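Fit chains B and C to the known structure of chain A by using the hints.
Residue numbers (our numbering), protein chains in the order written: chain A, 1 to 495; chain B, 1001 to 1486; chain C, 2001 to 2118.
The hints are simulated quantities; they were obtained by calculation from the structure and are not laboratory data. Fair warning: there could be bad hints in the mix.
[Stated by the list, open to error] Simulated pairs of lysine-lysine, DSSO-like, Cα-Cα distance not exceeding 27 angstroms:
no.: 1; chain 1: B; residue 1: Lys1166; chain 2: C; residue 2: Lys2111
no.: 2; chain 1: B; residue 1: Lys1302; chain 2: B; residue 2: Lys1374
no.: 3; chain 1: A; residue 1: Lys368; chain 2: A; residue 2: Lys280
no.: 4; chain 1: B; residue 1: Lys1302; chain 2: A; residue 2: Lys168
no.: 5; chain 1: A; residue 1: Lys110; chain 2: B; residue 2: Lys1374
no.: 6; chain 1: B; residue 1: Lys1374; chain 2: B; residue 2: Lys1357
no.: 7; chain 1: C; residue 1: Lys2059; chain 2: C; residue 2: Lys2112
no.: 8; chain 1: B; residue 1: Lys1357; chain 2: B; residue 2: Lys1482
no.: 9; chain 1: B; residue 1: Lys1374; chain 2: B; residue 2: Lys1451
[What the hints assert, rightly or not] Have a look at the derived ranges for each label pair, beta carbon to beta carbon:
no.: 10; chain 1: B; residue 1: Pro1067; chain 2: C; residue 2: Leu2077; range: 29 to 37 angstroms
no.: 11; chain 1: A; residue 1: Phe284; chain 2: B; residue 2: Tyr1429; range: 29 to 37 angstroms
no.: 12; chain 1: C; residue 1: Lys2112; chain 2: B; residue 2: Ala1215; range: 40 to 48 angstroms
no.: 13; chain 1: B; residue 1: Ile1061; chain 2: C; residue 2: Leu2066; range: 51 to 59 angstroms
no.: 14; chain 1: A; residue 1: Gln436; chain 2: B; residue 2: Ser1448; range: 53 to 61 angstroms
Quick caveat: nothing in here was measured; it's all calculated off a predicted structure. Just so it is clear, CB atoms sit at the ideal spot from N, CA and C, and this is done for glycine as well.
Given next are the chains, with one letter for each unit.
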Amino acid sequence: MTPDVATPFPLLSLLLWLPLGGTLLCLLLRHSSNLCRWISLLTTLTVLVVALGMAVSSIGGSGWLFYEDAAWIEPFGIRYTLGMDGISLLLVLLTALLQVAAILISWRQKQRPALFYALVLVMETGIIGVFLSLDLILFYLFWELMLIPMFFLIGVWGHENRVYAAVKFFFFTLAGSLFLLLAIIWLYLLHGGQTGDYSFALDALRQTVLTPGQEMILYIGFMLAFIVKVPLFPFHTWLPDAHTEAPPAGSVDLAGLLLKTGVYGMIRFAFPLFPAAAQKSLPFLAILALVGIFYAAWIAYVQTDMKRVIAYSSVAHLGFVILGLAAWNQLAWEGSLLLMINHGITTGGLFVMIAMIQDRSGTRELGKLGGLWTVFPNLSAFFLLFCLSSLGLPGLANFAGEILVLLGAFKADPLWGGMAVAGVVFSAAYMLRVVQSALWGESKKLARNDDLAVREWLILVPLAALVVLLGVYPAPVLEFLREPVSLLLETGGMP
Amino acid sequence: MENLAQIAMESVNFQAIMPSLVLCCFGMVLLLVSVFLERGRTAPICWLSIIGLVVTGIISINGWNDPQAGFAGGVVLDNFATFFNLTCLIAAGLTILMSDSYLHREGYPVAEYYPLILFTTAGAMWMASGTDLMTIFLGLEVLSVSLYVLAGFFRGQLRSNEAGLKYFFLGAFSTGFMLYGVALLYGVTGTTKVAGIAEAIRLMPDASSNPMIIAGAILLSIGFLFKIGAAPFHMWTPDVYQGAPTPITAFMSAGPKAAAFAAFMRVTYISLDSLQVDMSAMFWVLAVLTMTIGNFVAIAQKDVKRMLAFSSISHAGYALVGMVAWNEVGFSGILFYMLVYTFMNIGAFAVLVLIGKQGEDNLTLDGMAGLGYKRPFLGVAMAIFLFSLMGLPPTAGFTGKFFIFAGALKAGYVWLAILGVLNSAVSLYYYLRVMVYMYFRDPVEDFSWVKMEMATIVSILIAIAGVLYLGVLPGPVMELAKLSIF
Amino acid sequence: MLENYLPVLVLIGIAVAFAVGSVVMSGLIGMKKPSAVKLAPYECGMPLVGSARERFSVKFYIIAMLFILFDIEAVFLYPWAVMFKRLGMFGFVEMGVFIAILLVGFIYVWKKGALEWE
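Pulled out of the complex, with its shape left as it was, chain A reads as follows:
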């Protein structure tokens, strides 16, 4: 396959390596935390601007919007292949946006700021790399690269139980991805043995002829890594710990972005490479997703830590995403991807706000919070908005995705759809409980009682605007998704 757009300037590489450049600057100038702060903000903003520019320039485009290819490790046929279609574009945009929020929310980072910002930027390179790679080894490289900064973010800047959470996170995700590596190498050798062309390119490997047995084993190897990352029930146990213990920026990255890489891996790699095995696995995925939706909602309801509630709500929402994928039709997939983006914005916003609340009240325990509305009307209004979006209120972001997923699920199997609808009701229950105990009721002791500062307005306004906009008018996003999704569903990727 040849690129449709021969990029004169390597925009994708720029997007990818810019944050890493910021990292190096931060490490070099580590003695001035102020400088580091501004460098990281400027870097993330630049990435956002570049990504936005790329989005605007590629409205109405088709095929690979951007594409780069170069030789890398030739003895093994490993290439440096980057490609961006509508799906990657949206996810990169989401990454760029949430990273700006992550930097802004940790603007007052006192403890080892230079290292902190440096790691957040490495994270950005890793995540963008995952969304752009079309060579499996390159993909694996970025897949692992995301892990290292997150490990340190949780372990160094996290809350009380951070070391445990960091190590658990690292183990779960790495153990999963080691099988991914094995499966990649095996697939590569099978393909090379058949054709004599040893290559890790996604398009080449899709042509591999596999026996059903091989296909299933390889598929499971791929899916283990992705399912752990999503995370699908019962592989989700690392997530509540990691989310709860991570610093605000880490939680935003984890919930908003890291989980999406798992889903992205499925639709870009696991499903297209092993279509027959994927078809066989759909009912199981749907069952796990449904169990996850209910289980997570149930557990979320009894949590007392706000961050834990949101963490479990992520498990439930990602359950919807996977259910949409399992439905395997255009509508559901578009819904899943839209929900992913909307969930990223909503949950990112929620974690940002929890950090603000914790700043002011000194706690995340629902029992120790209350009556915030009377003290911080602005902050509470935003918080309510994000909560309502999260529980799927029509007109707000999450609803747009969920309704498409539900419609698609009904189309695939009315039973799935019916059960998933019940799941939506559950999510209303636990989110409303958060709203009720945090915003209303008696006021509790507070550390500070100033409402939103300018910096906080700057973070919240764009996120809130997007929550409303994507809820009311998701059409532009769906426009980007239409062609890639139909291609992925029909042929497994670009022709």
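Showing chains B and C alone in chain A's frame:
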């Protein structure tokens, strides 16, 4: 009787032994120079030995793609040997760079240290280029005898004495096994030439059931496996590695190990090729055993130096996976992996050299607490080496393991690859723990005694450069490794 | 092939049986009348003075080792001298190298003071 000189001259080919010859000359000259210097002045010897290594390296590189055989087929300087020679030279160079300040700190500024390292390296190079079991044995002995002395170099320290003595006794014992194997193979085949043995075995109708050949092959392997530190012949490693001076530990775990692998590969791949099925089966068991024992015992270690000793056992196991594969990818994978391992392991030891107090009682996990903040450079360096030892991209550890496991999968050893990968997962635990102490614990010590010695820093920087280069752009070196298979 | 070794095996068996048998038998049927003289390490000769575990000066060992080293040199020189004419120039150079290496060692131990007794 003909002119004896004629016969002798014909087989003499100095080209074939040039690198080790030059290195030995440097070693002898340095010995002479050292006695004319006043006691405790080691710096000139240190730098001269570096020059010797560089000169030898240049000579080795010049011989690339120009195979030279000599001494009646007892020695050959092919690409295979050259690749290993360079690996050993790099190991020796990095070791010497970190040694000088270390020797002064520990109170043993003795100049003989450097010539001994040069002799060890020369022995290693003979092993790599030996095509006669006797040449290989000669190299092994030169290497071992020097290493026995180096392991026990701190003669006032009990631990170092223990290391030297243990290494000597067990080493001598394993050499006995190996010689016995050589004798048996000679008895059956009538030659000690690597190629000759292969020929003789091939012509034998029932070679794979001949007890003499089997016993010979096994005994010979035991000798090599001991040097590699593979289970169940690994028992000496932890004590010797912990007791020996830290730079020597670093060197031992890389250079001599690579040389032993070189000779082992040449002998098994050429001489015992007819026994491939049985040998592969044996290596399968040994590889799994070695990886597993190394990793699981490393988990229990509190002392970082000792932990790295066990981790080096497990890495020998990963390399053995390439032997099991018995194909081009697996063998060139070992070449590549030994080079990678040289950089990452010596780098990690170099960091330990810098942060150790005199006597090195503080190299425990607790002693590492907060290192990442008090000494950011050392913290980052150690983190890079540990990530590489774990096998995470974009470090060399990843590409190295990738190469090896690709070989195993290519040969159809799926379960072996899975076990190897599971073992890597286990190894995460103890490597990560060092990281947790370095970055997640508050500093107990202020590390004020750490002097940023220039030479050691250079050694660390070279190691980092190697780890990152082989991790990010491994293509050219991988290509060289593939060209190095005989 | 292995059956060729049977006689060797038999010989080993007989030798071991004889050795073990002699020791066991003499222990069983021999008369035992121990006395101080009989139990001494050396039954004849000088009476013992002090313990056998006395420490000697390390210099004895060093001299002994050096003696062996240079003794070996002489062992090589004899056959070389016999064949000197046939070996010609090549043999001369070769032996020169050999001696030179030993000479390096000699200078080394000399400068290190290994040859000085005090």
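Non-conforming hints, listed in increasing numerical order: Per hint list: 1, 3, 8, 13 violated.
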